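> Here are the chains, one letter per residue:
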Amino acid sequence: EPEVTQTPSHQVTQMGQEVILRCVPISNHLYFYWYRQILGQKVEFLVSFYNNEISEKSEIFDDQFSVERPDGSNFTLKIRSTKLEDSAMYFCASTKEGTSGAQQFFGPGTRLTVL
Amino acid sequence: DAKTTQPTSMDCAEGRAANLPCNHSTISGNEYVYWYRQIHSQGPQYIIHGLKNNETNEMASLIITEDRKSSTLILPHATLRDTAVYYCIVRVGNQFYFGTGTSLTVIP
Chain G
1 EPEVTQTPSH
11 QVTQMGQEVI
21 LRCVPISNHL
31 YFYWYRQILG
41 QKVEFLVSFY
51 NNEISEKSEI
61 FDDQFSVERP
71 DGSNFTLKIR
81 STKLEDSAMY
91 FCASTKEGTS
101 GAQQFFGPGT
111 RLTVL
Chain X
116 DAKTTQPTSM
126 DCAEGRAANL
136 PCNHSTISGN
146 EYVYWYRQIH
156 SQGPQYIIHG
166 LKNNETNEMA
176 SLIITEDRKS
186 STLILPHATL
196 RDTAVYYCIV
206 RVGNQFYFGT
216 GTSLTVIP
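Protein chains in written order, with the working numbering: chain G, 1 to 115; chain X, 116 to 223.
Honestly, I wouldn't trust all of these hints.
Capping the alpha-carbon separation at 27 Å, the derived lysine-lysine pairs in DSSO-like fashion look like this [said to hold, decoys possible]:
(1) G:Lys-57 to G:Lys-83
(2) G:Lys-57 to G:Lys-96
(3) G:Lys-42 to G:Lys-83
(4) X:Lys-167 to G:Lys-96
(5) G:Lys-83 to X:Lys-184
Quick partial rundown of chain X residues pointing at chain G, CB under 8 Å, derived from the structure [what the hints assert, rightly or not]:
(6) Ser-156
(7) Gly-158
(8) His-164
I should point out that these hints are in silico values taken from the structure, not numbers from a laboratory.
Computed from a prediction, not measured in an experiment: that's the story for all the values here.
We put the beta carbon where it would ideally sit given N, CA and C, even for glycine.
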C-alpha cells in the first residue's frame, strides 16, 4: 500500500538555525499539507500546497516558514530561524484530489527538537 | 478553531463495541466528517469518513444523524490495539480541524 514518508524521523537543532523537513507524498497525489503537533496538544494545520503554490495557510505559518516542491517527488518545509516553541512533531499529508471528500494520508512525522 | 466536540476519554472492554460520539452542530451541507486515530505520536491514521449516509468499512462504522449535527464512530469488536486518541474532524476547504479527540482505552 502506498504511503507518505518523512525524513528525518528526529531532528535536533540549535535555536536560530534553519531546518528543512522532508516529505515524499504518495506518487499520484496532487495536494500536499503540513501539520504540527506540540507535545500534548492537538494537531494544527500549517499549510496546503497545490500546483506549486500555497493554497491555504494558517496563522501559525508566518514568514519564518516556507514550503517547496523542489522536484517531482519531494515536498519540504523550511523553518528559517528556529525558536524553542517550534519544537513539535511535524506531519506531512497528501491527497489525490482537492475535493472535500478526499482522504488525507499522513506520514509518520518528524520530531523537531530546538535547543 | 475545532468544529467538533468529543468526550475527553472513554473506556471499552476488549471484544465489545466501542461507540465514540461527536458533535458537529455547525457543519455545513457539503462538509464531510472524517475520523482518524493517533497512537502515541504516530501520524494520524484514517478510519472512515462520510457526508450524509451511514458508512461502513473493514475498520469501523460511521453513523451520522439525519440533521448531520452529530455522528458516532463504532468499532464493532475493540481490541487492545485500538487504544488510541480518536479524532472527529470536519474538513473545511483544504484544512482538517483537529479537536482534542477522545482518548479510548481498551481494557482487557
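> Run every hint past the structure and note whether it holds.
Each hint tested on the structure:
1. With a C-alpha separation of about 20 Å, the suggested pair G:Lys-57 and G:Lys-83 falls inside the 27 Å cut-off, and the hint holds.
2. For the given pair, G:Lys-57 sits about 19 Å from G:Lys-96 by alpha-carbon distance, which is consistent with the 27 Å threshold.
3. At roughly 19 Å between alpha-carbon atoms, G:Lys-42 and G:Lys-83 fall within 27 Å of each other, so this suggested pair holds.
4. Only pairs whose Cα atoms come within 27 Å are accepted, and X:Lys-167 paired with G:Lys-96 is accepted, the gap being roughly 22 Å.
5. Of the supplied pair hints, the one linking G:Lys-83 and X:Lys-184 is violated, its CA atoms being roughly 40 Å apart against a limit of 27 Å.
6. Satisfaction of the interface hint for X:Ser-156 is found here, the shortest Cβ-Cβ separation to chain G being roughly 5 Å, below the 8 Å cut-off.
7. With 8 Å as the threshold, the beta carbon of X:Gly-158 comes within range of chain G, its nearest partner Cβ sitting at about 4 Å, so the hint holds.
8. The interface hint given for X:His-164 is met, as the beta carbon of that residue sits about 7 Å from the closest beta carbon of chain G, less than 8 Å.
The structure is inconsistent with hint 5 alone, although it conforms to all the rest.
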